[in-house]
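Chain order of the listed sequences is A and B. Just so you know, we're using the UniProt record's numbering here: the first sequence kicks off at 1 and counts up by one. Just so you know, we're using the UniProt record's numbering here: the second sequence kicks off at 1 and counts up by one.
If you are wondering where the hints come from, they were derived from the structure by calculation, not from laboratory data. Be a bit skeptical, because a hint or two may be false.
Identical copies look the same in the list; a pair holds intra-copy or inter-copy alike.
[What the hints assert, rightly or not] Straight-line Cα separation of at most 30 Å, DSS-like style, residue types lysine-lysine; simulated pairs:
#	residue 1	residue 2
1	Lys69	Lys16
2	Lys186	Lys61
3	Lys77	Lys90
4	Lys159	Lys77
5	Lys22	Lys12
6	Lys61	Lys90
7	Lys186	Lys16
8	Lys90	Lys60
9	Lys14	Lys61
10	Lys27	Lys15
11	Lys69	Lys159
12	Lys61	Lys27
13	Lys16	Lys40
14	Lys186	Lys31
15	Lys159	Lys14
16	Lys61	Lys12
17	Lys16	Lys77
18	Lys16	Lys60
19	Lys14	Lys60
20	Lys27	Lys186
21	Lys159	Lys27
22	Lys31	Lys12
23	Lys69	Lys186
24	Lys22	Lys61
25	Lys60	Lys31
26	Lys194	Lys40
27	Lys61	Lys77
28	Lys22	Lys77
29	Lys159	Lys40
30	Lys90	Lys12
2 protein chains.
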Amino acid sequence: MVERTDEQHNAKMKKKQAAHEKIMENKTVEKGLLIVHTGKGKGKTTAALGMVVRAIGHGKKVGVVQFVKGAMTTGEKAVFDAFPDNVEFKPMGEGFTWNTQDRSRDIAVAREAWDEVRRMIADPAYDMVLADELNIVLRYDYLPLDEVLEAVTARAPMKHVVITGRNAPDALIEAADLVTEMTQVKHPFRQGVKAQAGIEF
Amino acid sequence: MVERTDEQHNAKMKKKQAAHEKIMENKTVEKGLLIVHTGKGKGKTTAALGMVVRAIGHGKKVGVVQFVKGAMTTGEKAVFDAFPDNVEFKPMGEGFTWNTQDRSRDIAVAREAWDEVRRMIADPAYDMVLADELNIVLRYDYLPLDEVLEAVTARAPMKHVVITGRNAPDALIEAADLVTEMTQVKHPFRQGVKAQAGIEF
Numbered sequence: 001m002v003e004r005t006d007e008q009h010n011a012k013m014k015k016k017q018a019a020h021e022k023i024m025e026n027k028t029v030e031k032g033l034l035i036v037h038t039g040k041g042k043g044k045t046t047a048a049l050g051m052v053v054r055a056i057g058h059g060k061k062v063g064v065v066q067f068v069k070g071a072m073t074t075g076e077k078a079v080f081d082a083f084p085d086n087v088e089f090k091p092m093g094e095g096f097t098w099n100t101q102d103r104s105r106d107i108a109v110a111r112e113a114w115d116e117v118r119r120m121i122a123d124p125a126y127d128m129v130l131a132d133e134l135n136i137v138l139r140y141d142y143l144p145l146d147e148v149l150e151a152v153t154a155r156a157p158m159k160h161v162v163i164t165g166r167n168a169p170d171a172l173i174e175a176a177d178l179v180t181e182m183t184q185v186k187h188p189f190r191q192g193v194k195a196q197a198g199i200e201f
Numbered sequence: 001m002v003e004r005t006d007e008q009h010n011a012k013m014k015k016k017q018a019a020h021e022k023i024m025e026n027k028t029v030e031k032g033l034l035i036v037h038t039g040k041g042k043g044k045t046t047a048a049l050g051m052v053v054r055a056i057g058h059g060k061k062v063g064v065v066q067f068v069k070g071a072m073t074t075g076e077k078a079v080f081d082a083f084p085d086n087v088e089f090k091p092m093g094e095g096f097t098w099n100t101q102d103r104s105r106d107i108a109v110a111r112e113a114w115d116e117v118r119r120m121i122a123d124p125a126y127d128m129v130l131a132d133e134l135n136i137v138l139r140y141d142y143l144p145l146d147e148v149l150e151a152v153t154a155r156a157p158m159k160h161v162v163i164t165g166r167n168a169p170d171a172l173i174e175a176a177d178l179v180t181e182m183t184q185v186k187h188p189f190r191q192g193v194k195a196q197a198g199i200e201f
């Protein structure tokens, strides 16, 4: 963009490098993170899935609980199946709530899924726990937020917990270490494109 | 959050479902998408990695070219290695540019990586091509934007191309089908936490 001589460019890069190294010097802490992916854009579940893959690649054990069916499906399932010792996948969600129209059943399903998450958070065998689309369940008040906050706050120091879904509650954002908001800039639905294998599922 | 009877809730959900079905009725097109993940937040590469995993899970063939070393590393590599027929991974980047301070070398590396991307886009064997951190290279003007736009626009109708990196050029966003901006809400660096296995790499 900006025209610079090679010398100017190299000097600028050297300065950037020094600044970067200074910042990194103080980053010495290792800790289990509470990570939240929220916002209306795509990529919340997909980025969580990417983290699961990284963790698997490092030989870690990951528990994945899906609160809403369809958010995680056949594509990732096939890959998880290749690492049976590293991933425990619980597809608990019974479909979006507007497909069931039965609140008491939805609450029971949410409770069952949450019990799995809580078990995985409490069990030292799991290095990372992904509660996919948990925010949706909290949004509909299907689970008490306090119970969720209590469990994630009481997690072991090195345990990572990843929670996804739009409309993350403020208290959860407050409790989290890393929060990313995915914002939709452009979506192919506007062109009449349907959900496709490898992209949405 | 809002107090409703089960009946009111179910009626509301039924209405939501009908609206959802009406929207989905018109989503009949299947096409290869140009997907851009940009913004300053985390999750751009991670969400792209999640898409690669989904595509692999569907038996598709994916080409992955890494323009900046370190963005994709050991974690995903180990998982890719489990699917040698489905993923071709080219870790081309030679480290962030401030580590080399040699612009002409950086440009040569960018060119080499881009040639791989272009080959994969042109080759019908690949269903999806990920050009990870290509936007960084474009930002530094290491590759002509026109060349990139030409190649992605001329892709086969069913080919997905995913491009990541902050500061996506306007013309690329214009050309894309799906654009998500990852916005940083909260980052653990502020607490002195360093990059950790399973999260950043």
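Which hints, by number, does the structure contradict? Hints 9, 15, 16, 18, 19, 22 and 24 not satisfied by this model.
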